[in-house]
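> Residues per chain are reported as follows:
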Amino acid sequence: MTPRSLRRLAAAATATAATAALLAGCATTGGTGSDGGPVTLEFVSWDPNMETIVDTWNEANPDIQVELTKPSESADELVTKFITQAQAGANPDIVKVEYQSLPALIANGVVVDLNEYDSDLAGKFDDASLAQVQFEGALYGVPQDFAPLVFFYRQDVFDSLGLSAPTTWDEYAAAARTIHAANPAQYLGTFSAGDPGWFAGLAQQAGANWWSAADDTWTVAINDAASKKVADYWQGLIGEGVIKSDPFWSTQWSAEMNDGTLVGWVSAAWAPAQFPNIAPDTAGLWTAAALPAWTAGDDATGIWGGSAMAVTSDSKHPAEATKFLDWLNTSDEALALQISTINVYPAATSGRSLPELDAPPAFMSNQPDYYAFIGQVAPTAKSFDIWGPNATVTFGAYRDDFGTALQNGTSLSDALDAIQATSVEDLEKLGFTVAQ
Amino acid sequence: MTTAPARPRRKLHSNRIAVVLVTPALLLLAGFTVAPTVYAFVLSLQQTKISGGLFGGDPQAVFVGLENYAAALGDAEFWASIGRMLAVAVIGVPATVILATAFALCLDARGARLVGFSRIAIFLPYAVPGVLASMLWGFLYLPATSPIGGDVIDFFGSREIFFSVANIAVWGVVGFNMVILYTAVRGLPGEIYDAAMMDGASELQIALRIKLPMIRPALVMVTLFSVLGALQLYNEPTALRPLSNAITSSWVPLMKVYSDAFVQNNIHQGAASALVIVVLTVAATVLVNVIGRRLQGRAS
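Residue numbers (the UniProt record's numbering), protein chains in the order written: chain A, 1 to 436; chain B, 1 to 300.
Since the hints were made in silico from the structure, they are not lab data.
Remember, it's a predicted structure, so these values are computed and weren't measured experimentally.
Incorrect hints may appear among the rest.
Said to hold, decoys possible - Pairs of lysine-lysine, DSS-like flavour, derived with a Cα cap of 27 Å: (1) A/K81 - B/K49; (2) A/K316 - A/K70; (3) A/K429 - B/K49.
Said to hold, decoys possible - Heads up, incomplete: computed chain B residues facing chain A, CB under 7 Å, no partners named: (4) K49; (5) I50; (6) F55; (7) G56; (8) P59; (9) L142; (10) S158; (11) P242; (12) L243; (13) N245; (14) T248; (15) F262; (16) V263.
Stated by the list, open to error - In silico negatives: residues of chain A with every beta carbon more than 12 Å from chain B: (17) M50; (18) R177; (19) T178; (20) N223; (21) T282; (22) L337.
Cβ atoms here follow ideal geometry from the backbone N, Cα and C, with glycine treated the same way.
Model the full structure from these sequences, guided by the hints.
Quick look at the structure:
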């Protein structure tokens, strides 16, 4: 062999070795301490400031250390990620999940029943919160917050036009017309095709019940009369041109919320935590009022979002994980921190009488009784019987079908029919029994 | 000693070295292309079924044959996504090739000034990651933030959206293609230009009649790259999607695959859709290659 070919061979061998090392590097080796020693729990949550609360726990509990990861995915993408990771047995110990996605995680065997590890846990929540996480006697998650829909409006703009907060949807429509007539660049709100949970909340208020279940049979009614009433109402306002049809959370929307183009937002109790990112220049200008009613005097509202925290079937330390979740979502210490740093309205019954709720969120300094107001609204929030095990598919269909309908000016009611068809077809394909 | 017996041994050595040299590439190819494809094929023949009960108990993957392929091919939305991708390609591919050629010929022109600076300036967008570029262009398009007339032109209109998406893609890749064509033009022998000038050819005639035909192989390659780029359209529409109602989750084929697998949570359908797209992509590549060879053959 010539020296030159030797050198080539050596180079090739090095390259092969480097490749092997690279491949080996791909397989990460994770692991937690063996039983008896200190354990480490992986916790995925997107809450801003959650790290300070986790630090508080870690300082007091050297034997149960919690490692917080903030995901880069959206909440819906995370659900799919957890389902996929479950097949590889690679899920973190504790995951934050929005209420509507929990049944999907249960159906895919991603989360475990917590009653087994703490039978007192369920007793710390009211029925409305438990309905979101407790099915067939099993507790699949610890409720974190409760998020009734409320209506935020720019007090200054309403005052200058002599308007007061609308108490019915008819008054809301009238206010939308008045505001747009007074200043054609101004709108009372936008109808978002990007937020299925938001529309679901509006449908709940009108009496819709998208999913119910009896004897292992599912009933799906996404295109029920109540939902169509809500869709038709908004389609009318969009058609008149007094309500915009751009999605929430885009740069466009933030800019319009900040510069006074948009002077109202139908949102939920958690909005004050988001406002500083959306419309930082408008602190102290917004007031929260009850959601307008379909018939005067009816005080029902719906729910938009709200989350639970669940322990995955991949966790090697479910008992420790449950202990942490109990502290995080039911102890006065942790809930006080959650209220003041994350602005949650707690799901736990005891958390709702904490002194921290006497002060409003920083953004709502003009409304000192903000949490007292949310406390009044919360018991009137209606929900569906249960969220479907494929709610993520329904939500995906909402984004596509409502988005297309708004883009092309076609019927939102027809889009609801399409979403219903997609949801039922998917359930049947998976093998669920669906009532016709 | 005669040299005769040494020859086969040398051949044997070089064969062995060739095998050793090729092995890492083959291993990577097998590990990261072949194995996932085989796995995707296996997945594409299955479906998830639940076993009964309210929440379905333990979901199992069952063999369903070609059912997912039938579903993919029978899905109107799948073909609609291909249609939208082609609409963007019809705008974007010619725009890329024509602009890249024009830039390359201008930079090579005799009187060209600031060539180095211009070349870098045209190439620079290629260094910007596609997702970032799409977000930047999103700001430029949105009425509330647009400095380029977004409040007058609806960049997210049902028709305009195809131009808006194609524009981002073209902006990103034109510089790269320009460099390929510019290198090809620079490689042409200078005597031809001297001869042409003696014959009285103008700068424009030299560019169109001499340089352009002579860089035909590079043009075919650039076209092929552009077509392949169009087939893989994903970043731009995905990044623009949250900004408006114009783009659905299955706007182009690759978004449809993602949507099937990770929004519908049906990894099996996603695998089937992906493999159908692979077949179509390979077919399109072969087609462009064949047409390119034909054109070249006719030229020579």
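> Of all the hints numbered above, which does this structure not satisfy? Sort the numbers upward.
The structure breaks none of the hints.
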